[in-house]
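Listed here are the chains, written in short residue letters.
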Amino acid sequence: MKILMSIALGLAVLCGPVMAQKPAGTKKPAMSNVATLKTADAVLAASAKAMGSAASDKITSSVAKAKMSIPANGLNGEMEMTVSKERFFMKQSLPGIGDILMGFDGKSGWAKDPINGLRDLEGAELAQAKDEVKNQKASDWKQRYKKAELLGVRKVGTAQAYAIRLTPKTGGPQTHYFDTKTLFLVRTDMVAVGPTGKIPTETYLSDYRLLDGMQIPFKTRSIVSGIQEVIITYTDVKNNVPVDDKLFIKPKAEPKK
Amino acid sequence: MLFRTFDGLTKAQRIRTFETIWSRVKTRHWDARKVGANWDAVRKVYRPRVEKEQSNSAFYTLMQQMVGELGQSHFGVIPPEADVASDAQNASHGTGWHGMHIRNVYNEPVVVEVERDSPAAQAGVKAGWIIEKVGDTAVRDRLKKILTLKQRVGMTNVMFASAAGQITKGPIGMAMKYTFRDANEKLVELDITCIQTPGETASFGNLTDIPTTLQTTVIEGDILVIRFNIWLLTPLMAQIREAILSHADAKGVIIDLRGNPGGVGMMASGLAGMFMPKGKNKLSLGDMNMRNSQLHFAINPQPPYYRGPVAVLIDEMSLSTSEVFAGGMQDIRRAVIVGRTTGGMVLPSNIESLDGGLKFQYAIADFKTPKGVLLEARGVRPDVPVRLSRQSLAADQDPMITASVKALVRAPRW
Numbered sequence: 001m002k003i004l005m006s007i008a009l010g011l012a013v014l015c016g017p018v019m020a021q022k023p024a025g026t027k028k029p030a031m032s033n034v035a036t037l038k039t040a041d042a043v044l045a046a047s048a049k050a051m052g053s054a055a056s057d058k059i060t061s062s063v064a065k066a067k068m069s070i071p072a073n074g075l076n077g078e079m080e081m082t083v084s085k086e087r088f089f090m091k092q093s094l095p096g097i098g099d100i101l102m103g104f105d106g107k108s109g110w111a112k113d114p115i116n117g118l119r120d121l122e123g124a125e126l127a128q129a130k131d132e133v134k135n136q137k138a139s140d141w142k143q144r145y146k147k148a149e150l151l152g153v154r155k156v157g158t159a160q161a162y163a164i165r166l167t168p169k170t171g172g173p174q175t176h177y178f179d180t181k182t183l184f185l186v187r188t189d190m191v192a193v194g195p196t197g198k199i200p201t202e203t204y205l206s207d208y209r210l211l212d213g214m215q216i217p218f219k220t221r222s223i224v225s226g227i228q229e230v231i232i233t234y235t236d237v238k239n240n241v242p243v244d245d246k247l248f249i250k251p252k253a254e255p256k257k
Numbered sequence: 001m002l003f004r005t006f007d008g009l010t011k012a013q014r015i016r017t018f019e020t021i022w023s024r025v026k027t028r029h030w031d032a033r034k035v036g037a038n039w040d041a042v043r044k045v046y047r048p049r050v051e052k053e054q055s056n057s058a059f060y061t062l063m064q065q066m067v068g069e070l071g072q073s074h075f076g077v078i079p080p081e082a083d084v085a086s087d088a089q090n091a092s093h094g095t096g097w098h099g100m101h102i103r104n105v106y107n108e109p110v111v112v113e114v115e116r117d118s119p120a121a122q123a124g125v126k127a128g129w130i131i132e133k134v135g136d137t138a139v140r141d142r143l144k145k146i147l148t149l150k151q152r153v154g155m156t157n158v159m160f161a162s163a164a165g166q167i168t169k170g171p172i173g174m175a176m177k178y179t180f181r182d183a184n185e186k187l188v189e190l191d192i193t194c195i196q197t198p199g200e201t202a203s204f205g206n207l208t209d210i211p212t213t214l215q216t217t218v219i220e221g222d223i224l225v226i227r228f229n230i231w232l233l234t235p236l237m238a239q240i241r242e243a244i245l246s247h248a249d250a251k252g253v254i255i256d257l258r259g260n261p262g263g264v265g266m267m268a269s270g271l272a273g274m275f276m277p278k279g280k281n282k283l284s285l286g287d288m289n290m291r292n293s294q295l296h297f298a299i300n301p302q303p304p305y306y307r308g309p310v311a312v313l314i315d316e317m318s319l320s321t322s323e324v325f326a327g328g329m330q331d332i333r334r335a336v337i338v339g340r341t342t343g344g345m346v347l348p349s350n351i352e353s354l355d356g357g358l359k360f361q362y363a364i365a366d367f368k369t370p371k372g373v374l375l376e377a378r379g380v381r382p383d384v385p386v387r388l389s390r391q392s393l394a395a396d397q398d399p400m401i402t403a404s405v406k407a408l409v410r411a412p413r414w
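Line by line, the protein sequences are chains A and B.
Residue numbering for the first sequence follows our numbering, beginning at 1 and increasing consecutively.
Residue numbering for the second sequence follows our numbering, beginning at 1 and increasing consecutively.
No wet-lab data here; the hints were simulated from the structure.
Please note that a few of the clues may not be correct.
Listed next, the stretches of chain B that the computed footprint assigns to chain A, with coverage defined by at least 3 CB atoms under 8 angstroms from CB atoms of chain A [stated by the list, open to error]: (1) 47-59; (2) 199-205; (3) 227-234; (4) 290-298.
Beyond 10 angstroms from chain A on every Cβ pair, some chain B residues (computed) [claimed, not checked]: (5) Glu69; (6) Lys126; (7) Met266; (8) Ser353; (9) Val386; (10) Arg387; (11) Arg413; (12) Trp414.
The beta carbon of each residue, even a glycine, is placed where N, CA and C say it ideally should be.
Given only the sequences and the hints, what does the whole structure look like? Please build it.
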């Protein structure tokens with residue numbers, strides 16, 4: 001479900017008004033000295049096991065519904081996402097903005113929103129879509145990342161977490177934080193790519209629930225560009241449901257009158 | 001009375017206020033380097049001076065001086081006695097709409113435009129008239145006091161026009177006597193019955209029930225004029241798209257942004273995209289730089305890919321997103337810009353209320369056009385300036401539209 005996070009966050013900047021924003025408040029996690037796992041590989045393998053990643057091989061499709069909010073702007077809306085066979089479709093609906101659609105059919109990606117109209121995903125944005133739609137088992141990190149470094153144990157909220165810097169084969173480095181007790185992913189720091197450029201994003205994952213053998217975070221809270229808070233709360237997640245293949249295909253452009 | 005009375009601050013409140021102002025700049029200024037060691041040094045200089053100050057006025061001056069060390073606009077301390085906007089709101093007679101646009105023309109509050117079919121138009125108000133009074137309120141005298149405030153001209157013009165809009169509002173559905181000075185210097189008294197502000201109300205998060213209006217007219221045979229009052233996506237974006245789509249063969253398009261105060265920033269990119277040829281990429285209206293990131297106003301070409309000449313009409317009340325659009329379109333040479341210099345209020349800024357009614361305004365980002373021009377405080381300067389006078393307004397009720405039509409001849413075609 002990670003695709004659902006980083007791509008969804010583009011919205012926060014896409015609709016950012018030229019108006020005052022109250023900074024949401026971000027801070028670097030404090031260092032801690034509790035640690036039992038000594039390498040990044042060990043943490044990632046243990047996390048994959050704890051989160052039930054092996055069960056993901058049996059998942060052919062996922063459909064999720066969520067509520068999203070951008071509290072500083074008083075924006076509240078809904079999201080729907082479908083992921084199947086390395087393809088995805090997402091629809092975000094926010095009052096005052098309208099529908100924002102994004103899709104990836106396995107080869108090419110597209111987006112349609114009230115501001116930019118219909119467009120193709122290109123460059124880093126397309127690479128991000130391709131990368132994120134892949135089955136992501138933490139233990140298989142070498143397929144996506146060329147390097148993983150254990151930075152130490154840091155505090156994330158009230159939890160202690162292993163901090164691992166991952167260097168992807170394409171794109172900038174990311175830091176993932178895994179709770180030392182549960183080994184669940186509790187925070188990611190990355191630079192997402194959207195139509196407005198690069199968007200530094202901190203995402204906090206919580207409310208994990210077991211679904212079809214996998215631990216799924218039902219709530220994410222992101223700090224976008226250091227100032228904008230975006231909260232996504234999943235209301236319904238279903239796996240292995242029938243999916244309409246047409247969903248992922250780029251819609252036709254509006255005809256010229 | 002123009003200025004309100006206000007309570008004084010205790011010494012402890014002055015010190016607390018100083019610390020708040022200093023730390024807001026330290027933690028929220030978009031350029032961390034600018035507020036590094038230098039800003040720490042500023043604190044060391046000013047804190048002892050604040051502790052010694054005995055009066056509020058000296059304290060306010062000191063705070064203005066401190067934020068002035070940044071040498072940037074949109075950082076300012078607004079003493080309670082200078083809160084003209086609140087005063088104007090208090091002085092208005094209602095919330096109704098009359099349809100007049102009043103601006104500072106050679107230091108006089110002059111009606112520069114009367115909207116068609118508006119209550120003012122129906123009462124017979126003409127462009128070029130000076131507004132003297134609304135009821136017993138001496139509007140002209142009140143507004144002229146704003147001209148005595150020591151600040152940049154652009155800011156004065158914005159405050160002047162804003163206050164004029166507020167003070168002249170009348171009650172909805174009830175006639176009020178408006179007194180004007182006409183082109184022959186004769187006093188004219190007219191009864192005007194203000195109405196509810198027209199337009200579909202829309203909301204965008206915390207901005208609720210904002211009246212939105214879109215006017216599209218075709219003039220001179222085949223020139224499309226599009227005017228909208230605010231940059232709100234719903235319902236305006238679809239309506240604007242539809243208007244341009246249905247006039248895709250127009251021989252020119254005028255985007256009239258007079259009096260448009262801004263709104264959703266990225267909507268400017270969307271509108272610009274409608275004037276780009278298909279396949280044209282890599283253009284933008286500019287960049288907004290924040291402390292940790294950059295917001296790129298990328299232009300995505302989209303239907304109807306209008307390639308004909310475009311003019312953008314601006315005045316001192318074209319602010320924020322309107323300035324982003326006009327400044328960007330000017331820099332990439334997609335439109336000719338006509339009218340009066342905009343207000344130069346582009347930056348996203350916070351205005352925070354502090355002790356004793358003091359307000360502190362501070363910017364959290366900057367914005368630069370594609371050519372690197374910082375629009376804040378400078379404003380967008382038109383390619384074709386239009387100098388308004390009472391005479392020109394009396395002769396041609398909308399000389400800025402006339403100038404825009406002429407300017408289309410020299411506007412680029414893509």
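Honestly, which of those hints from before does the structure not fit?
1 and 7
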